[in-house]
Structures are given as C-alpha cells and as structure tokens.
Amino acid sequence: MTGVFGAAYGEIFTAAVLVAIVASAIRLAVPLLLAALGETFGQRSGVLNLGVDGMMLLGAFAGYYAVLKTGNVWVGLVAAGVIGLMLGLASAVIAVTLKAEQGISGIGIYLFGLGMSDLLFQKLVGTPIPIDTFPKVNVPLLSDIPYIGDMFFQHSLVVYMAFAAIPVSMFVINHTTFGMNIRAVGEYPEAADTLGVSVARVRYATQLIGGTLAGLAGGALAISLGIFQQNLTNGAGFIAIALVYFGAWRPTGIMLGALLFGFINALVLELKTLEVIPRDLSNLAAMAPAIITILALVFVARRFRAPAALTKPFTRGK
Amino acid sequence: MSVSPIRGGTLKKTSIRMIILLAVVALVAAACGSSDDSGDGGDFRVAIVAPSASNDLAFTQSIVDAVNKLKDDGVIGEVAVTDGTFVVDDAAVAIRDYASDGYDLVIAHGSQYGGSLQEIAPDFPETSFAWGTSADTFGLSNVYSYEAASDQGGRVMGIMAAALSQSGVVGIVGPIEVGDAKLYVDGFKAGVLIQNPAADVPVNYIDSFSDVALASEAATSLIGNGADVLSGTAQMVVGAVGVAKTEGVLWFGTQANQTSLAPEIVVASQVYHWEGILEEMINNVKDGNLGGELFAITFANDGLVIEYNDGYDLPDDVKKLADDAIDLIKSGG
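Chain order of the listed sequences is W and B. Using this note's numbering, the letters of the first sequence correspond one by one to residues 1 to 318. Using this note's numbering, the letters of the second sequence correspond one by one to residues 1 to 333.
What the hints contain is simulated information worked out from the structure, not anything from laboratory work. There's no promise every hint is true.
The calculated lysine to aspartate or glutamate pairs, modelled on DMTMM-like cross-linking and capped at a C-alpha distance of 20 Å, are [as the list claims (entries may be wrong)]: (1) 123/W / 193/W; (2) 182/B / 275/W; (3) 320/B / 307/B; (4) 136/W / 247/B; (5) 245/B / 275/W; (6) 286/B / 73/B; (7) 245/B / 264/B; (8) 182/B / 280/W; (9) 245/B / 317/B; (10) 312/W / 187/W; (11) 123/W / 65/B.
Partial list, computed: chain B residues near chain W (C-beta under 7 Å) [what the hints assert, rightly or not]: (12) 55; (13) 57; (14) 84; (15) 100; (16) 204; (17) 205; (18) 212; (19) 217; (20) 218; (21) 222; (22) 225; (23) 228; (24) 261; (25) 263; (26) 276.
Heads up, the beta-carbon is just placed ideally off N, CA and C, and yes, glycines get one too.
The task is simple: from the sequences and hints, build the whole structure.
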C-alpha cells in the first residue's frame with residue numbers, strides 16, 4: 001500500500017518524521033506546562049482558578065505589545081509575567097479576601113481576559129502586525145547529537161526555561177517551608193492556622209505565582225508565534241487546568257500530561273501532512289488529543305485525590 | 001445562635017461583589033460591539049455578525065471592508081458589527097438582537113451560522129438576512145445566500161505556486177473542510193497539478209478556524225516534508241505565515257491582502273470584494289425583495305481580484321501564466 005507522496009506506509013515513520021513529531025510536541029507543550037504549573041501551586045493551597053485562560057490571553061497581549069513597541073522579546077516576556085502577577089493579585093483578592101465562589105469568579109476572570117485582550121488589541125494595534133520571535137538556542141555539544149539534538153536541544157530559551165520550572169516547582173512544593181505551608185493550607189487549613197501559618201498569606205502567594213506563570217505562558221505563546229489574534233490561546237488555559245488533575249497535582253505528572261497532549265497533536269498533524277489519515281477521518285483525528293486526555297484523566301483521577309480544602313474559602317473559627 | 005444574620009450579610013456582600021464583577025465583564029463585552037451611523041446613505045441599516053476580528057486580514061475583514069465601502073459610497077446609512085463570535089450561540093443572540101432592532105439587512109458571515117439563521121429568519125419575515133459562505137437559502141423568502149468562487153483564485157495561485165516551486169512540493173494549511181475554505185484548497189491543488197502534474201500537494205486541515213499555534217505547527221510539518229511554497233485559508237493562518245517567513249518559504253494568501261504579514265515572502269493574495277453583490281442585494285431589499293436568491297463573487301463580476309506584492313519580484317512568465325488562467329476562467333474555461 002502507498003499513501004505518502006507515493007511512499008509505502010512502512011517507509012512513513014522515518015527517523016526524520018519522528019524527530020519532527022517530538023520537537024513539535026515539546027513546542028506545543030510549553031504554554032500548557034507553564035500555566036498548569038502555576039495552577040498547581042494554587043490548587044495545592046486550596047484555590048481553584050478557572051480564569052487561567054483569561055490570564056494567559058492578557059499575558060499574551062501584554063507580551064506581544066511590549067515586543068511590538070520595544071523589539072525586545074525578553075521585555076515582552078517580563079511584561080507578560082507582570083500582567084499575570086497583577087491578575088493573580090486580583091484573583092487572590094476575589095477568592096481569598098472576598099471569599100467569592102471560586103468557580104464563578106474564575107469564569108469572570110476568564111471572560112474579562114478574553115474581552116479585554118481583544119479590546120486592547122483592537123484599540124492599540126488593530127490589524128495583526130508580526131513581531132520578532134524567540135531566537136533558537138542550540139545547546140553546545142548536545143545539539144550536535146544525531147536525532148536527540150534535533151528533538152531536545154535546538155529550541156528557544158523559553159522552552160528550556162519552562163522545563164527547568166518543573167524541578168524548581170518540585171523543590172519548592174516538597175522541600176521548603178513555604179511548600180509545606182502550601183500543602184498544609186490546601187489539606188487542613190484550620191490546623192495550619194492553629195500552628196501560626198497565615199492561610200490568607202500563603203494563598204495570596206500561590207495566586208501570585210499562578211498568575212505570573214499563566215501570564216508567562218500566554219507571553220511565551222504569542223512571542224513564539226510572533227503574532228497576536230483574538231482568543232489566541234484557543235482554550236489552552238482550560239486544558240492546563242485539566243492537566244493539573246491529570247498530573248495528580250504533581251509537576252512531573254503535569255509535564256507528562258502536557259507532553260502527551262502535545263505529542264498526540266503533533267502526531268495527528270504529521271499524519272495529516274503525510275496523508276496517512278484519510279480526509280474523511282480528519283475531524284475524528286482532531287478530537288484524538290482531547291479524547292485521550294479525558295480518558296487518561298479519568299484513569300488518573302480515580303487513583304489520586306484532590307487537596308481536601310480545594311475550592312473552600314477559609315474563615316478562622318468556622 | 002447568631003449564625004443566620006452573619007451568613008445573610010456575607011451572602012449579600014458576595015452577591016454585590018459578583019454583580020460588580022459581572023458588570024465589569026458586561027462592559028468589556030459591550031465595548032467589543034460597535035455601531036457607526038455617521039454615513040449619509042439614507043436610513044438603510046446593515047448589521048454584520050462575524051466569527052473573527054474585523055481586521056483579521058482574512059474572512060471577517062473582507063465583509064467589513066465591503067460594507068464600510070458601501071457606507072462611504074452612500075449606499076448604506078448605518079453599519080453595526082459584532083465580530084469575534086466564534087461561539088455559534090453568541091452569534092445567534094446577536095443575529096436575533098439585530099433583527100429585533102429593525103436592521104434592514106442582517107449578515108450572518110460564517111458557514112457555521114446556518115442552523116441558527118434557519119431558526120431565526122422565519123421569526124422576522126420583514127427583515128432580510130444574508131448568509132455566507134453558502135449556496136442554501138433554506139427555501140426562505142427573506143434569506144439571501146452568498147459564496148465566493150474561491151476555487152477560481154485558488155487555481156490561479158496554484159499555477160503560480162507550482163511554477164515557483166523548486167522542490168515540487170507545495171503545501172496547504174486548511175481550517176475545517178467546509179465553505180469557501182474547501183473551495184479554495186481544492187482549486188489551489190488543481191492549479192498546482194495543472195502546472196506540474198508530478199507535483200506533490202499535501203493538504204493539512206487542522207480542523208479549527210482559530211488555532212494559530214496548530215496552524216503554525218502544520219506549516220512546520222509541511223515544510224519539514226519538503227514544501228517550499230505554502231498557502232492557506234482562514235484567520236488562523238497568521239501563524240503559518242510566520243513560520244513561512246522564518247523558513248524563507250513563499251506564501252500565497254486569500255480572502256484579504258496578506259502582504260503586510262510578511263512582505264518578504266508573500267507573492268500574491270486573492271482578495272474578496274463583496275461590495276458588488278452586496279449592493280445588488282441591498283437594491284433588491286429596497287425594492288421589496290428580501291431574499292431567496294444566491295449570489296457569488298467571481299473573477300467575471302470583479303468580486304475576486306488577485307493583488308500582487310509589489311515587493312516580490314515575480315518573474316514575467318509566471319505573471320503571464322496567472323493572467324492567462326484568469327482570462328480562461330472569465331471566458332468559462
């Protein structure tokens with residue numbers, strides 16, 4: 001049988017094709033990874049933020065606009081993080097101080113980010129204007145390794161930074177006093193409070209971290225693509241929230257989930273390019289990443305439990 | 001116990017806070033709609049409901065530009081636009097609102113809005129609706145449909161792409177396989193094969209009109225498999241154009257002039273000019289004919305125009321291939 005530009009199916013999965021799929025999967029995973037890590041901090045402390053996508057969108061616009069005005073991609077990334085930080089503060093005020101219902105307030109933040117990012121884009125920019133993108137950084141020596149180098153060590157710096165955030169997050173959550181406090185207020189805030197831990201302060205801190213990482217995720221996406229458009233994230237923030245459950249609130253699990261989602265997307269795209277997937281099944285194939293993620297989510301969610309105080313506002317003495 | 005008053009107070013405060021938050025959201029949402037009634041085109045009012053931004057350099061911009069031109073020409077008095085309604089239910093609300101507000105012509109600019117329009121139009125028999133791109137009026141006397149014969153421009157662009165390709169592989173990034181997107185992709189592929197029957201023309205439908213990141217990766221995949229000329233359709237191709245620019249691969253645009261996205265590599269764009277058929281539609285409405293007819297933009301009625309990038313040095317022989325193809329299409333070939 002033949003299908004790919006006349007090639008036999010057995011010749012389709014060449015090393016070059018597999019390298020391309022893995023490299024693409026890593027690129028697609030980066031925004032999900034950053035946003036999901038940020039959400040993990042919040043959820044481990046008991047705060048659910050459904051507004052991640054809105055924060056990503058405003059971070060994406062801030063990053064895009066800063067690069068457009070300065071020509072410096074790193075200024076753009078910092079701007080995205082700062083906007084994310086401010087939105088994290090807003091989220092903390094709403095969820096921790098005002099004790100609003102977290103699901104509803106999160107949707108409010110999402111809608112705010114969706115509308116405001118588009119409004120700012122229309123008023124300040126108008127027609128899409130391309131911007132500079134992150135330069136590729138070939139890691140010395142490692143990037144020269146056949147296949148491995150192409151897959152893992154010829155990306156932009158922001159890709160390496162995103163993956164470096166995984167061990168950093170693990171260390172903070174599992175091996176620091178701050179991390180212990182996060183876990184304590186997420187599981188049993190009354191006990192933590194009795195021991196002198198300020199639940200509100202810890203939850204404010206995790207919301208600031210989560211907002212910053214969501215902003216950076218949006219900024220990384222926009223600057224990597226070199227463009228901004230209405231609803232640029234296309235729901236990536238919601239996938240990031242699902243990945244927190246998929247990863248059982250652990251950075252390594254989240255990384256695996258983000259890579260799996262990216263890999264399936266990249267695989268489907270490559271198989272479409274190579275005309276392996278019949279056009280009639282294109283729609284079904286496009287759903288594959290979501291379906292597989294949901295199935296995996298169901299499997300994982302049955303084995304692990306969420307932080308006990310997740311979505312529950314804390315009031316001393318209640 | 002004094003629990004109830006405290007709870008009541010907390011609930012009240014929370015409710016007030018949520019109302020304030022929702023009010024802010026509503027204000028932002030309201031700011032996304034726009035209406036301009038400063039024209040001198042009498043009292044004829046046109047509303048557009050479209051899926052992406054009014055300046056997306058693609059599908060939505062083409063209809064907004066056309067209606068604004070008719071307003072400038074004095075054909076229309078007032079224009080209202082609700083863009084960014086990628087959620088079909090949101091679009092349906094906007095369509096119904098405009099009809100309720102007494103707009104003379106409500107344009108539902110998206111193939112995905114057909115089901116909604118089929119439900120809404122019978123409720124407003126005095127209002128004229130236009131739906132595109134489609135060739136179906138649902139048998140309703142107050143619905144016009146319109147489409148772009150984008151396969152015509154696609155064929156011309158495909159011929160040029162094949163003539164410029166060194167590798168013999170020309171790739172296409174598509175959204176969802178419907179409407180003018182499908183027509184364009186099919187026409188482009190046919191054009192490539194007319195010029196070079198031995199060429200490979202991989203098509204990657206990403207099954208989304210809005211996923212810029214996925215379109216970008218699709219372009220990367222096509223280039224990785226040897227494509228040295230690319231094309232694509234719908235608003236998400238801005239990502240693919242960026243990849244083509246980075247990799248130095250030529251690009252052919254459609255729906256609007258995409259030269260500004262990458263002047264170094266955009267060769268030409270097929271541009272939609274809906275104003276001709278819209279003016280005809282509006283005149284029909286003014287005469288009391290509210291629908292039941294299909295319109296199409298083509299090369300022959302100047303609804304389709306190939307706009308070349310002056311900054312790209314297109315060889316004369318390739319330009320002549322395009323001109324000959326357009327003449328042939330206009331003559332019915």
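Here is how each hint holds up against the structure:
| no. | hint | result |
| --- | --- | --- |
| 1 | 123/W / 193/W | violated (46 Å) |
| 2 | 182/B / 275/W | holds (16 Å) |
| 3 | 320/B / 307/B | holds (14 Å) |
| 4 | 136/W / 247/B | holds (13 Å) |
| 5 | 245/B / 275/W | violated (25 Å) |
| 6 | 286/B / 73/B | holds (16 Å) |
| 7 | 245/B / 264/B | holds (7 Å) |
| 8 | 182/B / 280/W | holds (13 Å) |
| 9 | 245/B / 317/B | violated (24 Å) |
| 10 | 312/W / 187/W | holds (10 Å) |
| 11 | 123/W / 65/B | holds (17 Å) |
| 12 | 55 | holds (4 Å) |
| 13 | 57 | holds (6 Å) |
| 14 | 84 | holds (5 Å) |
| 15 | 100 | violated (23 Å) |
| 16 | 204 | holds (5 Å) |
| 17 | 205 | holds (5 Å) |
| 18 | 212 | holds (6 Å) |
| 19 | 217 | holds (5 Å) |
| 20 | 218 | holds (5 Å) |
| 21 | 222 | holds (6 Å) |
| 22 | 225 | holds (6 Å) |
| 23 | 228 | violated (14 Å) |
| 24 | 261 | holds (6 Å) |
| 25 | 263 | violated (10 Å) |
| 26 | 276 | violated (24 Å) |
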